[in-house]
Amino acid sequence: MIQAQRINTALRRLPIWPLYVLCVFYIAQLFGRGVMGQLGVDPVKAMEHALGESALWMLILTLAVTPLRRMTGITLLRFRRAFGLITFFLALAHFIVWLVLDVQILSQIWADILKRPYVTVGFASFLLLLPLAITSNTMSLRKMGAGAWQRLHKVIYPAAVLAAVHYVMLVKGFQVEPLIYLGAILGLLAFRLPIHRWRVSFSR
Amino acid sequence: MARRWTNDLTRNDVTPEAVFLNRRRLIAAMAAGTGAAALGSIAGPALAAQGDMTPNTLEEITSYNNFYEFGTGKDDPREYAHLMTTSPWSVEIGGLVERPGTYAFDDIMAKMTVEERIYRFRCVEAWSMVIPWNGFELADLLNMAGVQDGAKYVAFQTLLRRDEMPGTRYPVLDWPYVEGLRLDEAMHPLTIMATGIYDKPIAKQNGAPMRLVVPWKYGFKSIKSIVRITLTADEPPTSWNKANAREYGFYSNVNPEVSHPRWSQANERRIGGGLFARRQPTEMFNGYGAEVASLYTGMDLAKNF
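Read top to bottom, the protein sequences are chains R and X. The working numbering applies: residue 1 is where the first sequence begins, and numbers increase by one. The working numbering applies: residue 205 is where the second sequence begins, and numbers increase by one.
Mixed in with the good hints, there may be bad ones.
Pairs of lysine to aspartate or glutamate, EDC-like flavour, derived with a Cα cap of 20 Å [unchecked claim]: (1) X:Lys404 - X:Glu495; (2) R:Lys172 - X:Asp280; (3) R:Lys172 - X:Glu451; (4) X:Lys507 - X:Asp403; (5) X:Lys404 - X:Glu320; (6) R:Lys115 - X:Glu320; (7) X:Lys278 - R:Glu48; (8) R:Lys172 - X:Glu495; (9) X:Lys278 - R:Asp102.
Here are some chain X residues the structure puts well away from chain R; computed CB gaps all over 12 Å [said to hold, decoys possible]: (10) Gly298; (11) Asp388; (12) Thr436; (13) Gly502.
Because the hints were derived from the structure by calculation, they are not lab data. None of these values were measured; they are calculated from a predicted model. Using N, Cα and C, we set each Cβ at its ideal position, and we do this for glycine too.
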């Protein structure tokens, strides 16, 4: 615990804004490499995949803040808003690349969203993240009140599951990697289940 | 051979790059210009019919592959296919044939006529390439073994050697990979066994030493690194159909009108166009309708997808 406190003290001194700079830099260098032909022979898919996968990583990091604090005492709570927003920015970039560079054709975009289950699920996940990103600022928190704000931001749980399911659905055949992401997200959500409260209600 | 297909397209015939770039500019100008509608209606179809048959580079063809025996990533085959031993190689030809047996690859090559075939290659994932194959007609190989009267289908099997194929550790598909064609499809002059690309022996990640190429079907029908060919009376099982019958049919002809649950098949991304390449419309039978449409007369291709 003393160790954890020392880490927390050190973390408190770190500024948050570099995270946003890193996010912008990451997206920009990916795009730059795509333009320069350094992303292999299918740069559109490479960008799409890199952005989608990094969004999943940030989503997992966002969801890991609470379990990490409860298990080790280390708190990244100061950074959680940035983690969540970066998740959203990466998902947005992923969506835009798909829209503009991959599918391109407006009529087909809607057909894809409505008719292709893996796109429907991915799009739903993105839509769920949207209000969270919009209300991520302190003013919204004050306006809504802590209770309502917290209730709204629990929407990240279904959004996370949908994002992982989106990945599971889009691969062909039986593939392990997307299942690992889904497992990690389900594990982080299971950690939040109020199991002791269940026991109480069952014994009544 | 009565219906032997004459290969009138060689790499020299393909639009030189400068002309091709000019044409791009012309099309772009037509699309952008407002007063060019009349010109577009005249010039448009002629340009479209010719199509862009400039082959992809060898680098593109050998670095972007689906060969799940070596992993599911597009670059996995290039990284791991070198583990596969392709020499010596033999193909077991059996079932309803006159001369069943194990045919050594070198003996087959000694009897076959290898020619260049520049074909469009359309993946079910909605990307495409143009590939200058070297190969021989499958019909010649089947005739060498002698097709019996009762044969209606041809079944193919890919090598399965687990210690040389790291991707087979995972049950991505029910290994070994198997594919099949109706006999008339297999005997069609467009159907070839490819043994080379760009006049070089075919790379291992592309299915060395010999793989099927059926240019009017989605790429997964063109099975790689073949070790067994069996003539059968009944429709043989095929790997992707076994994995997901709703998404992958036995025929799997390229068909822009039959949508796949995951990908619209109406258009495709041509590999090599870079980050801002426009999608191209997908053609019925991948543009080989004049040659193969008659194979399917009277068939409902939406049902027999």
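Evaluated hints:
no., hint, verdict
1, X:Lys404 - X:Glu495, "violated, 27 Å"
2, R:Lys172 - X:Asp280, "holds, 15 Å"
3, R:Lys172 - X:Glu451, "holds, 10 Å"
4, X:Lys507 - X:Asp403, "violated, 39 Å"
5, X:Lys404 - X:Glu320, "holds, 11 Å"
6, R:Lys115 - X:Glu320, "violated, 40 Å"
7, X:Lys278 - R:Glu48, "holds, 14 Å"
8, R:Lys172 - X:Glu495, "violated, 31 Å"
9, X:Lys278 - R:Asp102, "holds, 17 Å"
10, Gly298, "holds, 28 Å"
11, Asp388, "holds, 29 Å"
12, Thr436, "holds, 25 Å"
13, Gly502, "holds, 29 Å"
Figure legend: structure checked against the earlier numbered hints; hints not met, in rising order: 1, 4, 6 and 8.
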